[in-house]
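Number of protein chains: 2
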Amino acid sequence: MNVAHLLAEALPGRVVTDTEELARYRTDRSGHMAAGTPLAAVHARSIDDVQVVCRIAYETGTPVVTRGAGTGLAGGGIADSGEIVLCMGAMQEILEISTANRLAVVQPGILNGALNEELAGYGLWWPPDPASKDVSTVGGNIAMNAGGLLCAKYGVTREAVLALKVVLADGRLISVGHRTVKGVTGYDVCALMIGSEGTLGIIVECTLKLQPAVAGTRSTIGAFFPALEQAIDAVSRITEAGLVPAIMELLDRRTLECVGTYTAQNLLAQGSSYLLVQCDGPAALPDAEAVAGFIEAAGGTAFTTMDPDESARLVNIRRQAFPALESMGTMLVEDVAVPRDRVADMFRKVVELEDRYDIMIPTACHAGDGNLHPSFVYQGATVPDEIWSAAGELFAYALELGGTLSGEHGIGLLKRRWLGAELGDDLLDIQRQIKTLFDPRDILNPGKVFPASL
Amino acid sequence: MNVAHLLAEALPGRVVTDTEELARYRTDRSGHMAAGTPLAAVHARSIDDVQVVCRIAYETGTPVVTRGAGTGLAGGGIADSGEIVLCMGAMQEILEISTANRLAVVQPGILNGALNEELAGYGLWWPPDPASKDVSTVGGNIAMNAGGLLCAKYGVTREAVLALKVVLADGRLISVGHRTVKGVTGYDVCALMIGSEGTLGIIVECTLKLQPAVAGTRSTIGAFFPALEQAIDAVSRITEAGLVPAIMELLDRRTLECVGTYTAQNLLAQGSSYLLVQCDGPAALPDAEAVAGFIEAAGGTAFTTMDPDESARLVNIRRQAFPALESMGTMLVEDVAVPRDRVADMFRKVVELEDRYDIMIPTACHAGDGNLHPSFVYQGATVPDEIWSAAGELFAYALELGGTLSGEHGIGLLKRRWLGAELGDDLLDIQRQIKTLFDPRDILNPGKVFPASL
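In order, the protein sequences belong to chains A and B. Residue 1171 is where the first sequence starts when you use our numbering, and the numbers rise one by one after that. Residue 1171 is where the second sequence starts when you use our numbering, and the numbers rise one by one after that.
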C-alpha cells in the first residue's frame, strides 16, 4: 500500500512528492537535519483535508508531522523517512474579528505578524511575540506555547487562546476551550493542547483572546553597565519596586562583542553588559524615569528616549544578537529559565562552562522572566558532543536552581533526553499515558518530546 | 475492614467520626444535601497525612472528597455515605513569599483573604477574587478555577498559578508546572489540575503567581439606567473603546428590587438597571471619565467618586445582591457565560423564562466577561423540578449563543447531567479517559463532574 498514492488520490492537487521540496522539511531553525526524507507533504486547505490525512495515516499507521512555518528551534517540526508532512501554511484565513468580544477566529497557518497587522486596524492585538513572529504561524505559536520579549507583562501564548478546534489522530474533530473569557466545564483540554508540539492532535482553528492596543507613549531605555552583576542588580531593583516593563532584555559581554563585530561598532567601549527596557501604557513616562533611576543607582548609564528612530537603535542592539551569532556558524540556542533571583547564578555558570570547555556561549536573557538563551556556535551539520555535554550541565544546573529546561522553545527532538530529569519518573509516565490516550497508534509527531522508551 | 478505624490508627488525632461534624460535610453553599453521612473526616496537617489517606482509600476502594471551606456552589465538595472527607483547612501555612520572583508558596488550606492580607505588606497580591474570597481557601479556588469580579482585567485562577504539588489517587506525590513564569517542558498537567474539582488529584502545595499591588487611585462609578438595554449598550461602548475596567457589574430590575427591599431603599426609583464600574491603575481617572461619558451617551446617569465611603456605598448595591436573595429562601445560583455581544439575548431569555414559568430569576452579570448569574429562589431542601427545567432551558440557550454552562462555579453534582451537551460525545469520552488515567479506581470525588455512565 503506497501512502503517498492514497493521499494524492484523496486530496488531488494538495500532495507533493517532489524530493527537493520534501528535503526542506528534514530540518527547521534548530539546524538539526533528519537522516531521511519524508514520503510526502500535504498542503491542507481545509479542516476536511486534515481529517482525510489523519484517517489515512491512522489506517496505515503512518506518522504525521504537522508543520507551520518551520521556525522551531527544538526540531519539533522535522520530518524523517516514512513520515507525512502536514503543511498548514495554506490555511491562513481570518474567519472572524470581534471587537465586542475581543477575539479573533483564525486558521492556524496565518502568520502572527500578518494577523497583528490586520488587528491593528481594529485597535486590537494578539500579544504572543516570539522573535520569529513575522515569519511564524499562529498555529505553530500555539503548538509550542511560544514566548517572546513581552511575556513578563503580557503573558505567554497559553493565556492568549480561548478555544481550539483539533483533529484527533483518527480524524475526528473536537472543539476545546470556550468562546467566552471564563469557562470551567470539565478538564482544560485546551491548555493541554497548547504546547503539545503536534503530539496530541492537529490544531485546525484558533479562537484567540485579543487585547486592546496599548494606549499612550512608549519609552525605551538602553543602558550599559561596567559589570553584568550591576545590570542584574538594576533588574532586581526594578522588579522589587513593582514595575512591570513591557520589555526587559539583558545581553552579556560575549553577546555585545559579537553584535559589535557584526554591526561594526565598538559596543564594549560602553560597557560589558547591556540592558534594554521598554515601558508602555499610561504610566510609560514615570515608569521609565523610575527605571532609569534604578539603573543609575546600580552603576549603569541609562539613555532614555521616546524618539522612534533612537528607540529602534537601542532595540536593534538586542535584535542583532541572533543574526550576529548566526553569521559565525551553526547555532544551538539554548532556552533555560530560572527563578528571577537565580539569573546571576545562571550567568556565572555560563562563564564557568566557557572556561572549562574552552568555548564561547554568548547569552541573552529575557530578564523580566528569567529566561536565558545561552547560544553555542559550532561549525558543521551536527552538534558536537562536547557542546551537548556543556548544554547538559546547563540544564542540570537550571533544574538545581528551581528552573526548567525550556522556557519557550519546547522539547522537540533536541531536548527529549533531558525531559525525564525535569519531570521525574511519575510525571513522565503520566505524560506518556496522556500521549497514548490521544494517540494510541503513536502516529502524531512520534519520537518528539518523549525520550525513547526502553 | 473498617476504614474509619484504619484512618484513626494511621493518623491519630486527625480523624473525626462525630456525626454532628460529619453532617456538615453533607452540604455546601449550593444548598444541595447528600442523602447519607460520610464515614469519617480527616483533618490533614501535612502532605504526608494526605498521602496516608490516599493509600488507605486506594487500597480499600473508598471514595475521598477533598474539601476546602465548603463554599462551593455546585456541590463539588459534598460527601455522602461511605466516603472519606479530606479537610484541608488546617494546612494553612505560607511557606514562602518572594518579591524578587513575585511568587508565594502556600499550603492549600489558607484563606484567599488571609493570604492577600499578608501579601499586602509586601506590596503584592494574588488576583483571584471569588465573592467568597474572605472565607474560601486558595486550594479550593484552584480546584474550581475560581473567577470573580476582576477576571476581565486580571484573569482567572488558572493564570495565577505557577506550579502545584499534587497527591495522586494511590498516594504518590508529583510536582506539576514551573516555578518560573515561562516553562514548556511536556504537557501542561498543572492546567489540567486547575478546575478539576478534586477528581484527578489532591492539591497539597501551591506556587502562586503574584502581581505588584495596583498603584494609583481607584475610581468608582455607579450608574442607573431607565432600561437594561441601555446599560448593556454602555458596556459595549466601554469595551469597544478599548477600556478595561477592573470591575464592571450589571444588575437587572429584579435584583434591584430585591436589594432595595433587603436594604430598605427604593432603588427602582432611580432606574431599572444598575451598572457598577471600577477603574484602577495609572489611568484610573481618565478611564473613569471616559466610562461616565459612555454611560451618559447610552442614556444612564453616572455618579463617579474616589471617596472610599461613597465608593463602598456604590459597590454595596452589588454586594448585597447575594444576601438579599438568600434572605428570601434557598437559592440556586446559575452561572452561564456567553460572548459579550450576546449578553442582551441572555437577559431577554431570563425575562421570557420568568414569564413562562411564573417564577422570579433575579440576574447579576459580570459584564466585562459575559458571565451571568441568574438566581432561582425556592423554598425547601431540594430544587423543584420546574426550576431545573427552567435552568435547563437557560443552559441550552447559553450553548446556542456560543457560551458555556459554567463560567466560574464548576460542574460538581448540580450540572453534571448537562456536561455532555456542552462537550459533545467525543470530548466527554476523552475527559472520562483522563479521569480514568489519573484515578483508575474512581476514588477521587467520584460521581462529581461527570454524568452517570450507562
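Treat the hints as calculated values from the structure; they're not laboratory data. Heads up, a few of these hints could be off.
[As the list claims (entries may be wrong)] Taking lysine-lysine pairs in the DSBU-like style, the calculated list, with each CA pair at most 35 Å apart, reads:
hint, chain 1, residue 1, chain 2, residue 2
1, A, K1379, A, K1323
2, A, K1379, B, K1379
3, B, K1323, A, K1379
4, A, K1323, B, K1323
5, B, K1379, B, K1323
6, B, K1379, A, K1323
Consistency of the hints with the structure:
no., hint, in the structure
1, A:K1379 / A:K1323, "holds, 16 Å"
2, A:K1379 / B:K1379, "holds, 20 Å"
3, B:K1323 / A:K1379, "holds, 12 Å"
4, A:K1323 / B:K1323, "holds, 13 Å"
5, B:K1379 / B:K1323, "holds, 15 Å"
6, B:K1379 / A:K1323, "holds, 12 Å"
Checked against the numbered hints listed earlier, the structure breaks none of them; every hint is satisfied.
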